[in-house]
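Peer 1: Here are the chains, one letter per residue:
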Amino acid sequence: MTAVAPPIQDVPAVVLDELLRSMADDEFVIGFSDSEWTGIAPLLEEDVAMSSLAQDELGHAQALYALLADVIGIDPDPLAYDRETVDYRHCRLLDHGRGDWAMTIARRYLYDTADAVRLDALASGRWSPLAELVAKLQREERYHRMHATVWFERLARGGADPRARLIAALGELADDAATVFSPLSGESGLVDAGILEAPMAELETRWRAAIAPVFGALDLSMPPAARDPQRGRLDHGEAFRWLHGEFTMVRRSEPGATW
Amino acid sequence: MSEAGTQVGIARLRAGGVAPLRSVDEAAVRAALADVPDPELPMLSVVDLGIVHRVRVASGDGPIHVEILPTFVGCPALDFIKASIADRLAAFGRPVEVVATFEVPWTSDRITPQGRRALEAAGIASPGEPQTAASLIALEPRVPCPHCGSRDTVLENLFGPTQCRTIRFCRACRQPFEAIKQV
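Protein sequences appear in the order of chains P and B.
In this text, residue positions in the first sequence follow our numbering: the first is 1, and each later residue adds one.
In this text, residue positions in the second sequence follow our numbering: the first is 1, and each later residue adds one.
It is worth saying that the hints were derived from the structure and are not from the lab.
On a predicted model such as this, the values are computed, not experimentally measured, just so you know.
There may be inaccurate statements among the hints.
To be verified - Simulated DEER-style distance windows between Cβ atoms:
1. P:ASP75 / B:PRO76: 18 to 24 Å
2. P:LEU119 / B:GLY149: 34 to 40 Å
3. P:PHE215 / B:ARG142: 30 to 36 Å
Built from N, CA and C at the ideal position, the CB exists for glycine as well.
This is chain P alone, in the form it adopts within the complex:
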């Protein structure tokens, strides 16, 4: 039980819903993807790291779903577990399956750097329940970003095979790399209300400025613009349908089960 979120004037619930759902689904999906390494990561240290990262992200998703549940007046658990795959709003960057270690690191690096820009744009927002949560998330995500950055550089400079795998992974993710910043239909309302500092297009520009020096130093090609930004959180494919089957398995086999 957490304190109930106070309502905010002049921002329709549907607008907050869209923002919170996109963030919660992102954290939920990347958390479950990370957990796919538990027990089989390439190093014992990384087994611990990916499991802890997964636990962090699922915790973030839980807090964001709880906030969303307050806004729209339903229980968080059905929100997390009872939707059909087409109703999830995570970005397509997270729709590529676990892949190999290079794919995991490429996805984490792109996501963590983009999420940091998004959190920065929410941290001083006028709606305190979200701004307070974001301030807390930022302290944890700092560790995720350092982990991803160290590995990103290690693979890029790690000789022919690791570098080739990283480049292949970035190639597979390229069209979806910027989809964290897919425009939200209600984002002008969020900006006007002082919840979100700037539109997603502006945040993408900030993200590109932040990562360009790293890509330049590692002689890697910057990700292109998203192929279809309007559908950047839609059209989830086979990899997500498989993951969805995994993370809803207990819920489907034992409806209403609790710990």
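Add chain B to chain P, keeping to what the hints say.
Peer 2: Just chain B, lined up with the frame of chain P:
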């Protein structure tokens, strides 16, 4: 969410054998909370861990209201901590409400000096000074080894056995040790 109420109810039943405490004010509640251990770091009370935020005692026979600050957003021990707090405060014979809030972020510098000594005694390095720099170098202060005191220690893993810990290695005494993450 609904289980919080159940936990309070259970806590009241368990309180049957405990001698009721007489006066109830904020100081008495905080003193009682010094008996409640953190489940993952049981050498620390919830007070020493710095997670007790606001305490309000309503007038008359009204409820005791406690707000706690989760160390990590997804801390799996949170429900257990809430139940332990409700259990302990049931001795006051009042309804107890325990809620989590992010109103101010818990940071590792909220751990009390007494808490830091308890951590060190248990072989866990306490967090150093609060940090703001967002680089790996910033996480490489020479954290002293809790076993031998040497500062010749290195980071082994940013992540550890619980969300709030990292793993380090002491090159002097050749022992691994855990350290509380600086957040």
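Peer 1: Regarding P:LEU119 and B:GLY149, is the given constraint of 34 to 40 Å on their beta-carbon distance met?
Peer 2: holds (38 Å)
Peer 1: Quick check: does the Cβ-Cβ distance between P:PHE215 and B:ARG142 fall within 30 to 36 Å?
Peer 2: Distance hint for P:PHE215, B:ARG142 holds at roughly 33 Å.
Peer 1: Determine whether the Cβ-Cβ distance between P:ASP75 and B:PRO76 falls within the hinted range of 18 to 24 Å.
Peer 2: Holds - the Cβ-Cβ distance for P:ASP75 and B:PRO76, about 19 Å, lies within 18 to 24 Å.
The structure meets every hint from the earlier list without exception.
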